[in-house]
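Trainee: Here's the letter readout for the chains.
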Amino acid sequence: MRRVGVDKVDTGVAAKIQDIDDTPTLPMTGAAYLPGAAYDEMIAHGGDVRAHYAALQSRISTLGAGELADRQRMLERSFLLQGITFTVYGADSATERIIPTDLFPRILPAQEWAKIEAGLTQRLQALNMFLADIYGEQQILMDGVVPRELVLGAPSYRREMQNLYVPHKAYANVCGSDLIRGQDGEFAVLEDNLRVPSGVSYMLANRDASKRTFPGAYREAGVRPVERYPDLLLATLKSMSADWRPNPQVVVLTPGVYNSAYYEHAYLARLMGVPLVEGRDLVVHDNMVYMRTTTGLRRVDVIYRRVDDDFIDPLTFRRDSSLGAAGLFNAYRAGNVVICNAPGTGVADDKAVYAFVPDIIRYYLGEDAILPNIETFLCREPAQLGHVLDNLDKLVVKAVGASGGYGMLVGPHASARERSEFADALKADPANYIAQPTIQLSTAPCLVDGRIEPRHVDLRPFILSGEKTVVTPGALTRVALKRGSLVVNSSQGGGSKDTWVLAEENGHNGHGHGGNGHGADKASASSKESLA
Amino acid sequence: MMLARVADSLYWLGRYIERAEHLSRLSTVMLNATLDQTDTGAEAVRIALSAVGETDLTAGAFEAAKGLVLDRTDPNSVVSSLARARENARQVRDQITTETWERLNLLYLKVMDRNAGREFADNSVTFLHDIIADVHLFKGAADTTMSHGESWRFMMVGMYLERAQLIAGLLEACFAEGSPRVNDHLALVSLLRMGCALEPYLRVYTAEIEPRHILEFMVFDEDFPRSIRFATSQIEKHLSELARHVEATGRAAPERLAGRLKARLEFADVGELETQGAGELLTTVANECARIHQAIYETFVAYPLEMRLPA
Numbered sequence: 001m002r003r004v005g006v007d008k009v010d011t012g013v014a015a016k017i018q019d020i021d022d023t024p025t026l027p028m029t030g031a032a033y034l035p036g037a038a039y040d041e042m043i044a045h046g047g048d049v050r051a052h053y054a055a056l057q058s059r060i061s062t063l064g065a066g067e068l069a070d071r072q073r074m075l076e077r078s079f080l081l082q083g084i085t086f087t088v089y090g091a092d093s094a095t096e097r098i099i100p101t102d103l104f105p106r107i108l109p110a111q112e113w114a115k116i117e118a119g120l121t122q123r124l125q126a127l128n129m130f131l132a133d134i135y136g137e138q139q140i141l142m143d144g145v146v147p148r149e150l151v152l153g154a155p156s157y158r159r160e161m162q163n164l165y166v167p168h169k170a171y172a173n174v175c176g177s178d179l180i181r182g183q184d185g186e187f188a189v190l191e192d193n194l195r196v197p198s199g200v201s202y203m204l205a206n207r208d209a210s211k212r213t214f215p216g217a218y219r220e221a222g223v224r225p226v227e228r229y230p231d232l233l234l235a236t237l238k239s240m241s242a243d244w245r246p247n248p249q250v251v252v253l254t255p256g257v258y259n260s261a262y263y264e265h266a267y268l269a270r271l272m273g274v275p276l277v278e279g280r281d282l283v284v285h286d287n288m289v290y291m292r293t294t295t296g297l298r299r300v301d302v303i304y305r306r307v308d309d310d311f312i313d314p315l316t317f318r319r320d321s322s323l324g325a326a327g328l329f330n331a332y333r334a335g336n337v338v339i340c341n342a343p344g345t346g347v348a349d350d351k352a353v354y355a356f357v358p359d360i361i362r363y364y365l366g367e368d369a370i371l372p373n374i375e376t377f378l379c380r381e382p383a384q385l386g387h388v389l390d391n392l393d394k395l396v397v398k399a400v401g402a403s404g405g406y407g408m409l410v411g412p413h414a415s416a417r418e419r420s421e422f423a424d425a426l427k428a429d430p431a432n433y434i435a436q437p438t439i440q441l442s443t444a445p446c447l448v449d450g451r452i453e454p455r456h457v458d459l460r461p462f463i464l465s466g467e468k469t470v471v472t473p474g475a476l477t478r479v480a481l482k483r484g485s486l487v488v489n490s491s492q493g494g495g496s497k498d499t500w501v502l503a504e505e506n507g508h509n510g511h512g513h514g515g516n517g518h519g520a521d522k523a524s525a526s527s528k529e530s531l532a
Numbered sequence: 533m534m535l536a537r538v539a540d541s542l543y544w545l546g547r548y549i550e551r552a553e554h555l556s557r558l559s560t561v562m563l564n565a566t567l568d569q570t571d572t573g574a575e576a577v578r579i580a581l582s583a584v585g586e587t588d589l590t591a592g593a594f595e596a597a598k599g600l601v602l603d604r605t606d607p608n609s610v611v612s613s614l615a616r617a618r619e620n621a622r623q624v625r626d627q628i629t630t631e632t633w634e635r636l637n638l639l640y641l642k643v644m645d646r647n648a649g650r651e652f653a654d655n656s657v658t659f660l661h662d663i664i665a666d667v668h669l670f671k672g673a674a675d676t677t678m679s680h681g682e683s684w685r686f687m688m689v690g691m692y693l694e695r696a697q698l699i700a701g702l703l704e705a706c707f708a709e710g711s712p713r714v715n716d717h718l719a720l721v722s723l724l725r726m727g728c729a730l731e732p733y734l735r736v737y738t739a740e741i742e743p744r745h746i747l748e749f750m751v752f753d754e755d756f757p758r759s760i761r762f763a764t765s766q767i768e769k770h771l772s773e774l775a776r777h778v779e780a781t782g783r784a785a786p787e788r789l790a791g792r793l794k795a796r797l798e799f800a801d802v803g804e805l806e807t808q809g810a811g812e813l814l815t816t817v818a819n820e821c822a823r824i825h826q827a828i829y830e831t832f833v834a835y836p837l838e839m840r841l842p843a
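Taken in order, these protein sequences are the chains called F and X. Each residue of the first sequence is one higher than the one before, counting from 1 in the working numbering. Each residue of the second sequence is one higher than the one before, counting from 533 in the working numbering.
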């Protein structure tokens with residue numbers, strides 16, 4: 001049998017032991033890693049380690065529980081130090097908390113990624129064409145492909161955007177789509193995120209951390225870098241104004257330091273080398289946008305806003321907002337500034353419009369969707385509502401307008417009372433709800449209380465679209481940290497982990513002769529790589 | 533060119549860091565002085581507390597120091613200053629380097645730790661020594677990793693302006709008219725320590741410690757980084773650089789105010805200070821620093837928009 005439960009094994013020797021014995025169990029304090037019924041990212045159904053996980057699995061299996069805990073602590077400390085935290089305010093104290101981050105990366109082989117990349121590019125292309133159409137001629141509505149009232153009645157539809165010129169027809173410049181892998185092992189799109197998607201800083205910070213935690217396995221696996229995201233984002237933003245200003249002034253607009261994603265706003269501004277502005281720094285005069293600088297007012301050309309539509313301009317949208325700048329939208333309409341993402345993109349990631357995305361792709365591109373949708377029931381249709389009400393115990397029901405895991409019923413996990421309360425809400429306002437079958441999300445190994453256990457995960461890659469459309473080869477993998485839970489949102493107890501997209505099949509080094517790689521793991525502390 | 537709000541935050545970041553360092557030093561010197569069985573202890577406590585404007589001098593040295601360092605309800609304590617420094621740094625996180633930020637964040641996490649009170653009680657001198665050393669690391673990281681451009685200059689202006697005011701306050705507690713005369717050798721040594729001036733002073737004046745020389749050194753010395761003259765000349769230097777790009781006319785010209793104060797200190801007659809007392813000059817320093825602060829606001833931060841709109 002394998003040698004189990006050994007702490008602080010000499011890595012060189014341990015690697016050889018692992019090469020001889022490749023049963024998939026892990027020597028974690030004597031306990032095996034046992035995936036459940038869901039598709040597991042690391043262990044195939046027969047019990048074998050999937051080839052693309054070999055380098056990492058062999059690395060993990062040489063580490064004892066003590067060393068894993070050490071590395072987990074090191075990782076958490078590094079996040080705390082960098083200030084990747086949110087603040088919990090108590091009676092007389094403020095505590096810094098990090099968003100839980102898991103030690104083990106999730107790994108995607110090259111051919112799976114190729115399909116994801118093609119699918120996401122196709123999808124965002126079609127959705128941008130859809131936005132250009134509904135804010136223009138509305139051909140798709142006239143052709144009856146998407147119900148008119150569904151689009152024009154959505155709260156996220158912005159009449160103010162009608163007939164407004166958007167360069168390259170790129171309405172959604174930054175998109176973060178949520179993908180899940182079902183029991184059949186196929187990826188599907190759960191949700192598009194075209195408003196102000198967040199999480200990309202975690203993708204970058206997790207990568208920075210996992211390179212330090214598993215440098216040997218990282219090199220051996222052959223992972224594609226994600227570090228170009230900030231400069232690609234800047235290029236995308238600049239391309240939005242290229243036709244009329246040769247060297248545009250780009251800024252990031254944040255709601256401010258108390259926003260939960262503030263770290264990300266500052267991080268992106270810093271890595272792009274552009275000012276991080278708040279609404280109070282902006283002044284609109286004669287339909288031009290300026291920022292208040294130490295040397296006077298300075299023209300602003302492109303605003304990467306991390307403030308919701310409702311709050312960007314009190315004159316056009318919510319009057320009580322102090323997060324935006326008065327007159328900003330008029331300056332945008334006048335063509336003197338570009339707002340990214342464009343206001344009104346939310347109508348294309350509406351949960352009801354979602355059901356039509358495969359049709360939208362076919363309509364504009366004449367292609368079938370590369371990445372499938374999850375089967376979706378629109379409760380606005382009486383027949384579908386009936387089906388949903390009859391099957392509440394099997395379905396996930398979501399409010400169309402809500403996000404972040406709120407306003408949602410996970411049928412199989414809900415009590416009879418919760419289901420009946422939700423049924424009443426459904427009947428009262430059916431148009432506000434959609435339902436989907438409960439998908440058993442795939443699982444990936446996570447370090448939980450010193451043991452390696454399967455936890456459900458999803459995948460959020462980031463797509464940039466300006467003059468060109470680019471998918472960064474990496475993603476944020478969100479983790480439902482509670483055993484059995486399917487909810488991965490960070491506001492609901494979710495965590496995250498790094499995602500390795502491999503450059504070639506099974507890594508370029510293959511498996512089993514990575515002696516130098518293993519040795520490098522020991523020296524992890526000295527091999528810190530900076531993102532800056 | 534940088535955002536006015538950002539310049540403001542960097543300026544305050546510099547001020548709060550300097551304040552935290554100074555208060556930590558006052559506290560540790562005060563605690564050390566009370567270890568000896570002499571009257572000097574009480575004198576050192578008086579100097580430290582009056583230097584920070586504390587009027588209630590009845591508290592014991594330990595309690596007083598603990599308040600100065602860890603009282604979260606006091607906006608001028610070390611912990612509050614560091615919390616504010618970090619809050620300002622967080623607002624300009626994109627302007628300072630990761631190395632600089634991490635030093636400050638570490639320091640903040642240390643003083644905010646729930647065990648901080650116990651650590652302070654167990655060994656307050658070590659605790660304070662570490663804070664001061666960490667502030668030095670922060671300043672070193674800023675100096676060696678940040679570009680010495682606009683961001684850094686605003687931090688420096690804040691730091692030196694705060695320093696000039698704090699040193700003026702410390703000297704006023706000893707040498708202003710109406711303050712009790714400090715003549716005791718050990719008390720004077722404590723004073724020098726509070727200004728981080730003892731070792732540099734000894735190299736100039738040897739161990740002959742006299743109020744006259746202390747004043748001369750801490751107000752007029754050209755090379756000592758904590759003398760008021762040195763701080764003023766730094767303020768003037770950084771403000772002149774910063775003001776070069778400001779076009780608007782009719783502004784309050786903070787660099788001119790700083791230049792005037794600098795000239796006054798450069799050409800002051802030390803003998804006069806001796807005969808007339810230091811009070812007047814120290815008051816002038818405090819008032820001029822307040823005016824410079826005001827002018828910085830009017831020039832760089834809260835200027836009227838009408839004057840800067842494009843024609």
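Worth flagging that the hints you see were computed from the coordinates, not collected in a lab. There may be inaccurate statements among the hints.
So these bits of chain X aren't anywhere near chain F, every CB distance computed over 10 Å [what the hints assert, rightly or not]:
#1 A536
#2 A539
#3 P743
#4 E748
#5 A795
#6 V833
#7 P842
Straight-line Cα separation of at most 25 Å, SDA-like style, residue types lysine to any residue; simulated pairs [stated by the list, open to error]:
#8 X:K671 <-> F:P100
#9 X:K642 <-> F:P100
#10 X:K671 <-> F:R319
Note that this is a predicted model, so its numbers are computed, not measured. Cβ coordinates follow ideal geometry from the N, Cα and C atoms, glycine included.
Trainee: Now tell me if each hint is right for this structure.
Mentor: Going down the list of hints, with the structure as the test:
At roughly 4 Å, the least C-beta separation between A536 of chain X and chain F is not larger than 10 Å, which violates its mark as non-interface. Listed as a non-interface residue, A539 of chain X fails to keep its Cβ farther than 10 Å from every Cβ of chain F; the least gap is roughly 5 Å. The Cβ of P743 of chain X lies farther than 10 Å from every Cβ of chain F, with a closest approach of about 42 Å, so its non-interface assignment holds. With a least CB separation of 37 Å from chain F, E748 of chain X remains clear of the 10 Å interface cut-off, as annotated.
The Cβ of A795 of chain X sits about 25 Å from the closest Cβ of chain F, beyond the 10 Å cut-off, so the non-interface label holds. Not every beta carbon of chain F lies more than 10 Å from that of V833 of chain X, the smallest distance being close to 8 Å; the non-interface claim is violated. The Cβ of P842 of chain X does not lie farther than 10 Å from every Cβ of chain F; its closest approach is about 7 Å, which violates its non-interface assignment. For the hint linking K671 of chain X to P100 of chain F, the alpha-carbon distance of about 32 Å lies beyond 25 Å, and the restraint is violated.
With a CA separation close to 21 Å, the supplied pair K642 of chain X and P100 of chain F stays within the 25 Å bound. For a cut-off of 25 Å, the pair hint linking K671 of chain X to R319 of chain F is broken: about 44 Å separates their Cα positions.
Consistency note: the structure conflicts with the earlier hints numbered 1, 2, 6, 7, 8 and 10.
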